[in-house]
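Read off the chains here:
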Amino acid sequence: MTQAAPTRTDAALDRWLRMYRRMLMIRRFEEEANDLYTRALMPGLAHLYIGEEAVAVGVCEALAPDDYITSTHRGHGHCLAKGAELDRMFAELLGKRAGYCKGKGGSMHIADPDTGNLGANAIVGGSAGIATGAAFSALRLGTGQVAVCFFGDGALGQGLVYEVMNMAALWKLPVVYVCENNLYNEYTHNSETLAGDIMTRGPAFGVPGERVDGQDARAVHSAARGQVARARAGEGPSFLLCDTYRFMGHHVGDVSREYYRSKDEESEWKTHRDPIRLLGEALIAEQAADPAGLDAIDAEVSADVARAVEFAKNAPYPSVDEVDDDVYA
Amino acid sequence: MTQAAPTRTDAALDRWLRMYRRMLMIRRFEEEANDLYTRALMPGLAHLYIGEEAVAVGVCEALAPDDYITSTHRGHGHCLAKGAELDRMFAELLGKRAGYCKGKGGSMHIADPDTGNLGANAIVGGSAGIATGAAFSALRLGTGQVAVCFFGDGALGQGLVYEVMNMAALWKLPVVYVCENNLYNEYTHNSETLAGDIMTRGPAFGVPGERVDGQDARAVHSAARGQVARARAGEGPSFLLCDTYRFMGHHVGDVSREYYRSKDEESEWKTHRDPIRLLGEALIAEQAADPAGLDAIDAEVSADVARAVEFAKNAPYPSVDEVDDDVYA
Amino acid sequence: MSMPETETVVRQLTLGDAIREALAEEMRRDSRVLILGEDIAEAGTVFKVLTGLVEEFGPDRVLDTPISEPGFTGIAVGAAMTGLRPVVDIMFGDFIGLTMDQMVNQAAKIHYMSGGKWKVPMVMRTTMGATRRSAAQHSQSLHAWFCHVPGLKVVLPSTPYDAKGLMKSAIRDENPVAFFEDKMMYKLKGPVPEEDYTIPLGAADVKREGDDITIVATSSMVQVALGAAGRLAERGIGAEVVDPRTLWPLDETTILESVRKTSRAIVMDEGYGRYGVMAEIASVIAEQAFFDLEAPVKRIGAMHVPIPFSPPLEDATVPTEETVCEAAEAMCG
Amino acid sequence: MSMPETETVVRQLTLGDAIREALAEEMRRDSRVLILGEDIAEAGTVFKVLTGLVEEFGPDRVLDTPISEPGFTGIAVGAAMTGLRPVVDIMFGDFIGLTMDQMVNQAAKIHYMSGGKWKVPMVMRTTMGATRRSAAQHSQSLHAWFCHVPGLKVVLPSTPYDAKGLMKSAIRDENPVAFFEDKMMYKLKGPVPEEDYTIPLGAADVKREGDDITIVATSSMVQVALGAAGRLAERGIGAEVVDPRTLWPLDETTILESVRKTSRAIVMDEGYGRYGVMAEIASVIAEQAFFDLEAPVKRIGAMHVPIPFSPPLEDATVPTEETVCEAAEAMCG
Ligand SMILES: Cc1ncc(C[n+]2csc(CCOP(=O)(O)OP(=O)(O)O)c2C)c(N)n1
Ligand SMILES: Cc1ncc(C[n+]2csc(CCOP(=O)(O)OP(=O)(O)O)c2C)c(N)n1
Ligand SMILES: [Mg+2]
Ligand SMILES: [Mg+2]
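Residue numbers (this note's numbering), protein chains in the order written: chain G, 1 to 329; chain F, 1 to 329; chain Y, 1 to 333; chain Z, 1 to 333.
Since the hints were made in silico from the structure, they are not lab data.
Be aware that one or more of the hints could be misleading.
[To be verified] Here are the simulated DMTMM-like pairs of lysine to aspartate or glutamate, each with C-alpha atoms no more than 25 Å apart in a straight line:
{"hint": "1", "chain 1": "Y", "residue 1": "K119", "chain 2": "Y", "residue 2": "E55"}
{"hint": "2", "chain 1": "Y", "residue 1": "K189", "chain 2": "Y", "residue 2": "E294"}
{"hint": "3", "chain 1": "Z", "residue 1": "K48", "chain 2": "G", "residue 2": "D324"}
{"hint": "4", "chain 1": "F", "residue 1": "K172", "chain 2": "Z", "residue 2": "D292"}
{"hint": "5", "chain 1": "G", "residue 1": "K172", "chain 2": "F", "residue 2": "E61"}
{"hint": "6", "chain 1": "G", "residue 1": "K172", "chain 2": "Y", "residue 2": "D30"}
{"hint": "7", "chain 1": "F", "residue 1": "K270", "chain 2": "F", "residue 2": "D290"}
{"hint": "8", "chain 1": "Y", "residue 1": "K117", "chain 2": "Z", "residue 2": "E42"}
{"hint": "9", "chain 1": "G", "residue 1": "K270", "chain 2": "G", "residue 2": "D35"}
{"hint": "10", "chain 1": "Y", "residue 1": "K119", "chain 2": "G", "residue 2": "E85"}
{"hint": "11", "chain 1": "G", "residue 1": "K172", "chain 2": "F", "residue 2": "E192"}
{"hint": "12", "chain 1": "Z", "residue 1": "K117", "chain 2": "F", "residue 2": "E192"}
{"hint": "13", "chain 1": "Y", "residue 1": "K117", "chain 2": "G", "residue 2": "E322"}
{"hint": "14", "chain 1": "Y", "residue 1": "K298", "chain 2": "Z", "residue 2": "D315"}
{"hint": "15", "chain 1": "Z", "residue 1": "K117", "chain 2": "F", "residue 2": "E258"}
{"hint": "16", "chain 1": "Z", "residue 1": "K187", "chain 2": "G", "residue 2": "D324"}
{"hint": "17", "chain 1": "F", "residue 1": "K313", "chain 2": "F", "residue 2": "E31"}
{"hint": "18", "chain 1": "Y", "residue 1": "K117", "chain 2": "G", "residue 2": "D66"}
{"hint": "19", "chain 1": "Z", "residue 1": "K117", "chain 2": "F", "residue 2": "D35"}
{"hint": "20", "chain 1": "Y", "residue 1": "K48", "chain 2": "F", "residue 2": "E186"}
{"hint": "21", "chain 1": "Z", "residue 1": "K261", "chain 2": "Z", "residue 2": "D315"}
{"hint": "22", "chain 1": "Y", "residue 1": "K117", "chain 2": "G", "residue 2": "D321"}
{"hint": "23", "chain 1": "Y", "residue 1": "K298", "chain 2": "Z", "residue 2": "E55"}
{"hint": "24", "chain 1": "F", "residue 1": "K172", "chain 2": "G", "residue 2": "E258"}
{"hint": "25", "chain 1": "Z", "residue 1": "K298", "chain 2": "Z", "residue 2": "E326"}
{"hint": "26", "chain 1": "Y", "residue 1": "K117", "chain 2": "G", "residue 2": "E258"}
{"hint": "27", "chain 1": "Y", "residue 1": "K261", "chain 2": "Z", "residue 2": "E294"}
{"hint": "28", "chain 1": "Z", "residue 1": "K119", "chain 2": "F", "residue 2": "D290"}
{"hint": "29", "chain 1": "G", "residue 1": "K172", "chain 2": "Y", "residue 2": "D60"}
{"hint": "30", "chain 1": "Y", "residue 1": "K119", "chain 2": "G", "residue 2": "D324"}
{"hint": "31", "chain 1": "Z", "residue 1": "K298", "chain 2": "Y", "residue 2": "D251"}
{"hint": "32", "chain 1": "Y", "residue 1": "K298", "chain 2": "Y", "residue 2": "D251"}
{"hint": "33", "chain 1": "Y", "residue 1": "K48", "chain 2": "F", "residue 2": "E258"}
{"hint": "34", "chain 1": "Y", "residue 1": "K298", "chain 2": "Z", "residue 2": "E329"}
{"hint": "35", "chain 1": "Z", "residue 1": "K298", "chain 2": "G", "residue 2": "D197"}
{"hint": "36", "chain 1": "Z", "residue 1": "K119", "chain 2": "F", "residue 2": "E192"}
{"hint": "37", "chain 1": "Z", "residue 1": "K261", "chain 2": "Y", "residue 2": "E294"}
{"hint": "38", "chain 1": "G", "residue 1": "K263", "chain 2": "Z", "residue 2": "E42"}
Produce the entire structure from the sequences given, and follow the hints as far as they go.
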């Protein structure tokens, strides 16, 4: 990291440790989800966020509790970073009545009004309109809220994204478009799917952009803070490109990956670019934390995760008569 | 015009006069169409190209007969510039069996394989994929053809356009995207619909762009020639922004326009920026033509148009049993 | 007939004006209601249905959008979830294809997928109907697509009175509602009370009573059915015309009651003839009133062809009073 | 049954392999055939249906696209008009909403609008079918939308044998064809001859004969119907299972012949229960075989709800053999 260490204040220190804890919570959550899948305890599939934790946590740390986010098929990290509870998350992954969506949504559709989570979304790019619309409401209703739209580099293929950026710029909407550039759309490298310089795509529609190391939680956070402040001040939308990497498969079942990316590439990222380790090491180096303290956080988080998974396993499925509830409000 | 006069060769002279004639043919065609509407002889509506003739003619003059174009709701000019016959054009406008589409398409759907016309299109932006696909065929089949996609500034609102530009750049397809910027989307000025600098939109998707005075037929032509040559040489797509203006209403029925644009603005363009008059005056000033010669062209063109309209008026409608022919090939 | 009989002198309004009045009243009543679409502000839409609204409510509530149907539909979904009640204007119903993903994968499912937590109270207004010489991409009646999707409601008014009352219900509804207006009916006049009234979504209306045959008809086909019913009366056949008004929810009860009485049914709709709305209504009748039927249910819709431009061809694609009369006579004969 | 009886030892292939074989054979036969889609080259699609094709035909004929369904569908339309025969792969049928404008306003209408001059010989392959625990946006069977649109053909194979023969016909057809593959059937095995054969679009197949009741079923519902027919046979009821194989063109003759013989009909399809494919087929039967029917036509489809994630809920939304048996017994009782 060539970047200078951020200035340390008490508030900053609290924030860094909070971010560290939250990233670790996501990591442990995802490891557990993978384990549930491997042991055939989880129905369907899940797209794990391992490796990308700094993006969701860095951005959400810049948001107020009532700010909005929209998420993606790879949504667990966003939901947890925005404040979701572990137990109801796991319950949803297992299709249980106690889950965030009563089991109706599953991994790809977790949504929660209480934490401003407008929903994970299994249509690539599909939430760009929703986030922009939430920003539209915030502006019209004068609530001061900001909306963050998380999406992957693959979503840059969807024309909808440019349509709504253009309107966000025209109408100066308080929305931040956060692109998680993990280099792949499923099993296809984005050098095959992206032409031109993607940093010019936002500006071409009136949305100024910034690029940041997505493995550096504090760098993500400070960039996001600036853009969120800009949005809140009525200066309109921005685009944040975060360079990152998913450490695992596209989804839990994607275990043989050599045909689309090398083990070397993976191990390079896992060894040298792990966002949690990078933050932990930096905090230790800056004497903002000590190894024992970080271990203690891990122990607490891991215990929370274990408890939550137990809760979810023991929770009942919805009753079959509920199947046609909630079709209409 | 600050631009230096183009170099005059015999071939260039022939070309300028051909362009002059073709622009005038479009003008007279459109005036006649307006007249047919006003006299309630034409079913439905039509979107006239008057004022924008230099774009279609300048671009199509750079194309070979078997090159492809796709057109828009405002398509008469493109069709004629690519070589359509007046009589079958009018017949189609009147819904007659002798029309280009046997009367089934009408003003907004004129198509003609013989002149490489893939079709006018009543979905704004809807033909961008088709033009790009035709370029894809040309490349795969090694035919050396180029495809031109004409569309309005309003079509810049459609995400599809960016999706296909991105693929055209990735795959180096021989396609030229020609944007006719006449300032309006129907009754809305494009300052209300376009954010950012539209000249950066092509490049953001890997498609280099050029901007040209759309009222200067020779300038359009030389820009188009360069881009067409580039496409044919295998160097990929380009974007050509032509600044122009429609002199009449959005369609023939749009006669009271003060609520969305001023009479002053209209008369400024009509008086000082008429592409036909500009070319005519320049040719005379350059002693490349004389007024009598240009008048003779007008007389010929007007007679052709009058004959064609008579043909169309006298032509029969399709028979009602044809209604379900051509649904499937 | 649900038009109040007590009303003595009721204004005559066109269907277009009735819709504008409903929107204006709802916008006055509820500041969260706003409209997004192309050329809707100063231009008041290409059909002039919204003329005057931007003057009263300002450009923050009557917004001209870029030509970005998928985009502004998506924005409406998000806005509806977060406290506004947007009305989206899709100029021609032919363009709903561009919005299917946002309407179907987002708007229609968000309430269900979130376990009932988020709601999407939005209205998509759009047009339908042929014979305007607008050809294949500007003449379709594609409402059947939305009817097939759980989570959406679908409204097709056939009179100015119904249009006003149904639009108000659509705006007040907590769900995404697709509202189809036949562009050939905008100038159709009828009585419309000045006061605030709503018509519930899911209540059919018997537009004319009769004992011999039921004609279930939607949107402008109601007018064709009424015309045919008038002619049939002269020939001694009593045709009852039932207008479902909303295709989802569908008022099966009223339709079935009528068919059980008449024992014969024709179903009319201007959508393409196959795999459309008529098939569903005919199936409901044939399933649930099977033992009451004297004859098979007859479907009369648009021809199953892209809509041609040429006037004689286009006219041949839509049902006429004469077609209906012939069918009814054959069935009752 | 149209499987040739003379074939003594026929290979067993999965439905996925049969589709790959059809594509590979057509690509060998005709260099104009190529495939566009997401993750289809090295990855061979997420369902591994196209594994190996890029190795044989190269990346110029098996193209990985960006995640731009509207865009690459549009490109396929243009390519089809100008000399290629593209096959477009839409990973999940749920995403066809994104392509509706290109498929319906362009692909389906270009031949007609041009007065028969341009043709659009393309195939859109996509998936359908629930019970994979993929939730509301990855489980839908939305083929009814395409069936409603004149100018498109719609194919739903139910066996590996049919899949190969129908895919070849789809590729050789001069029109845009939508081809829906039930993702839960990719591993279903059945006999598939090695030689080149085609099955005409528009020819239904009687998958099992019976005298007491006709079950018209599509795609994976054919398997459910056959299972139910087996159980019904034990209870003394002879169920005839008719698979239309293509929903447009629809082989009404075969369906009606069967119903005229049995005088009872159930229609099954995995699309949403209302305003779907079943309504059309039921209407055709009720209109044209009305006087032969002993009982109303019964529709058995997916519940009319967004598809839930939770396994017990999802399972409740799809028809089972038991549901069919109960209905058949009630109708024949
Ligand atoms: C509209 C649409 N097309 C295709 C898919 C299938 N799909 C799911 S995830 C994915 C790749 C997404 O890549 P990216 O946006 O970069 O997100 P990442 O998985 O890398 O986080 C694809 C193609 C989809 N869900 N939605
Ligand atoms: C997808 C779509 N949306 C809306 C329309 C209605 N419409 C027809 S022309 C037009 C304006 C087009 O503006 P532009 O592209 O600038 O072309 P111009 O008319 O100025 O030549 C609109 C909105 C349409 N035909 N298609
Ligand atoms: Mg990615
Ligand atoms: Mg314009």
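Hints violated by the structure (numbers, ascending): 1, 2, 3, 4, 5, 8, 12, 14, 15, 16, 19, 21, 23, 24, 26, 28, 34, 35, 36
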